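Kindly generate the complete structure, drawing on both the sequences and the hints.
Quick mapping for you: the protein sequence lines, in order, are chains C and R. Following this note's numbering, the numbering of the first sequence begins with 1 at its first residue and continues without gaps. Following this note's numbering, the numbering of the second sequence begins with 306 at its first residue and continues without gaps.
One or more hints might be untrue.
[To be verified] Below, in silico cross-link-like pairs of lysine-lysine (DSS-like), each with a Cα-Cα straight-line distance of 27 Å or less:
(1) R:Lys-512 with C:Lys-80
(2) R:Lys-452 with C:Lys-57
(3) R:Lys-611 with C:Lys-39
(4) R:Lys-723 with C:Lys-46
(5) C:Lys-39 with R:Lys-793
(6) C:Lys-46 with R:Lys-512
[Unchecked claim] Here are some, though not all, of the chain C residues that point toward chain R, as calculated from beta-carbon distances under 8 Å:
(7) Pro-42
(8) Lys-80
(9) Tyr-81
(10) Ala-164
(11) Thr-250
(12) Ile-251
(13) Pro-255
Note that these hints are calculated values from the structure, not bench results. These figures come from a predicted structure and were not determined experimentally. Where a beta carbon is used, it is the ideal one built from N, C-alpha and C, also for glycine.
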Amino acid sequence: MFRFIARRLLEMIPVMFIIATATFFMMRVAPGGPFDSEKNVPPEIKARMAAHYGLDKPLFEQYLLQMKHLCQGNLGPSFKYPSRTVNEIIADAFPVSLELGAEALVVALVFGLAAGLIASLKQNSALDHVPMSLAMIGICVPTFVMGPLLISAFALHLDWFNAAGWFFPRDRVLPALTLGAYYAAYVARLTRGGMLEILHQDYIRTARAKGAGGVRVVFKHALRGGILPVVSFLGPAVAGLLTGSFVVETIFGIPGLGRFFVTSAFNRDYFMVMGSVLFYAIFVIVLNLVVDVVLVWLDPKLRFE
Amino acid sequence: MLGAVGLAAGMFLLTAGCGRRETMVQIADLEGVLRIGNGAEPAGLDPQVEIGEPEHDIMIALYEGLVDPDPKDGSPVPGIAERWEISPDGKVYTFHLRKDARWSNGDPITARDFLESYHRMLLPALGAQYSYMLYPVRNAEAFNLGKMTNFNEVGFKAPDDYTFEITLTGPTPYLLAMMVHNAWYAVPISTIKKYGALDDPTNPWAKPGHFVGNGPFALKEWRVNSHILVERNPYFWDAKKVRLNGIYFDPEESYDTAERMFRSGQLHTSLSAPQSKVAYYRKYKPNLIDVYPLLTTYYYRFNVTKPPLNDKRVRQALAMSIDRQAITETVTRAGEFPAFALNPPNIGGYTPRAQLREDLPAARKLLAEAGYPDGKNFPTIELLFNTLASHKAIAEAIQQMWKKNLNINVTLHNEEWKVYLDSTHHLDYSIARAAWGADYADASSFLELSLTGGGNNETGWGNAEYDRLIEVDGKTQDQTARYEAYKKAEAILMDEMPIMPIYFYTRPRLIVPDVKGWYPNLLDVHNYKEVWLESPK
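Right, here's the structure in full:
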């Protein structure tokens, strides 16, 4: 197991190198630069600004310099927010995205697992059809529809929550539900499918024949195998929750990293783009590794592979 | 799923035990804190580095210049300078500073602070994008562009602690109007030096804990993308007059989100209602919206270096054959005013004389004269705009009008913002959408746009007579003569038609009646010094 983890971590190095290189050159190929604005400044001023950030050097030299800084963990200043470094911005904004993602994940797992379990145990009954139909709707309704709908109902009409902001504990409820709903729906369907498959296995019949109670069969014997598809889904899901929070952050005015990730590209904020891309890349790779480790732990069959 | 969502919300409420509650605005009214939806996260609060409106709207609370914008109309009134004299030739301005003005750390403000501030603003390495606001000053441009290194030769002088003198290259009658802008604020040089180099735009001095300013308020909290809080500055010379205890700026960028915050009582005012809701507010909640004109013009650029737009008659025909009223009434719908000239009417008493006519028969005749009778043989041209639904809707309307009225084909092409800037900058377009907001309230801010080879011209058009009218005849102290020159220049522009004005912007600001002393004005500049809050009884 240790060798497996070590190997995967070592593999990260070339992957990160390729991502950094591709990001660097793709940014530079895109037309327009960080200091272009609607009101043009004299070319001399623009040149001074470029020089200040080292953008006047030959491209390959800039590339080497940035790679060197990246190796030192220095992501550089942001062009758009000159008094802040990319490291500071990520340190400020990421905890917010992380919290939002974690809360959405709880929503996804609590509602998804519960609905999926009940549906699988009461297959083809109303308790199966109703949650599964709702799950289908949950998958289909995009966050930019779900968010305003929830705000309209619970913030503006019932006045239970603020329409946007991130100050009080209750400000977390609507964004977490909005972001988590889609994943909850997915988890529900995956749990149901996984559980149905397992519940028809011989070893479950054996357990029942030996006199194990319903609760014991479901939670001790079936669940561990039944939720494997959910665990595999969690890797990309968590990555999606964290990187895909841009829309939810905008709808609810949340000061997370998702917004910087998206707007930095529009702003041609080269260092910010590079910083956030690499940061998310590391995050996704590590998450996938964690998921693989959990899968191996849950599924003994995988240990031999 | 929606059921589950409802259930979750219900469960949360049972545990949290909430119901109808006081809104944030009601609480803020009691605390004397104004809550403003600012439209964007400020890039920074260094007045010499930052160029945007969201930054300006915060900095006006934190700094005060030699002159200060009048709360009602934004025109220059005494600020740190309590009075000034202008020499008869209009070239020397002498400002007399008030002796009780202090920085927010208690240090006195002297003429030397202004001298050193303008020195920093013009340091080439700082790369200040608005340094051109100081260019009317003698040798300022040469120093800024590195052609001169001795700052003593630049037209700024501080003969004593409370006298500051500005010598201009030539008379610039709108200098005081320009000086309201944040490019003219003083910055705390000793504080800046404490946190880094003077000419380093990334110097982190303008942050909470480091910040020193000289305005009615001082920076207290700044959480990126969340909020900025400023509180009353006790050292402000006019602190007795300040009635707010603080201002809370919410940087929400989405007008839709901000409007929902406004509706749920989280904001006193939001920069702008979403376009789709302006009509609703005007009809059903007129006491919550204030729609007023801005000094910003929406127009199309014609690339005059490319056929068929190199022919003046084609440009005129295009400009004469659209229905601007229909665009503002059915497409943009925020009370905008159709534009028949580049300058909106009545900027400081200036109204352009030449007004564009919408005249279909004349437009068709011009097109025929240019060799395209009834649009025959007219090549298909491309209309470029930056990706945004509202620009697209306008472009589609104009495309149809041209097809119907002139029988010519125009294709639409949208580009992401920076790509669009790059294309227009390199004249890589035929017709391109554009907008210009004045930096200061004077017609020159618009007219300088079309000077030959000007950085923001971007049409390839140039006219020696036009340049002369703006740069020579327009530089007189005599306002009547100056406006006469501008009127002639604008007539040339409206005849040559390198740009086609479409409408003048309005600002549909959402604002609750609790906010008092807040006046709509053309630059949307609000001097928070005299704003106060009053809860409805």
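Could you check the structure against the hints above and give me the numbers of any it violates, in ascending order?
none
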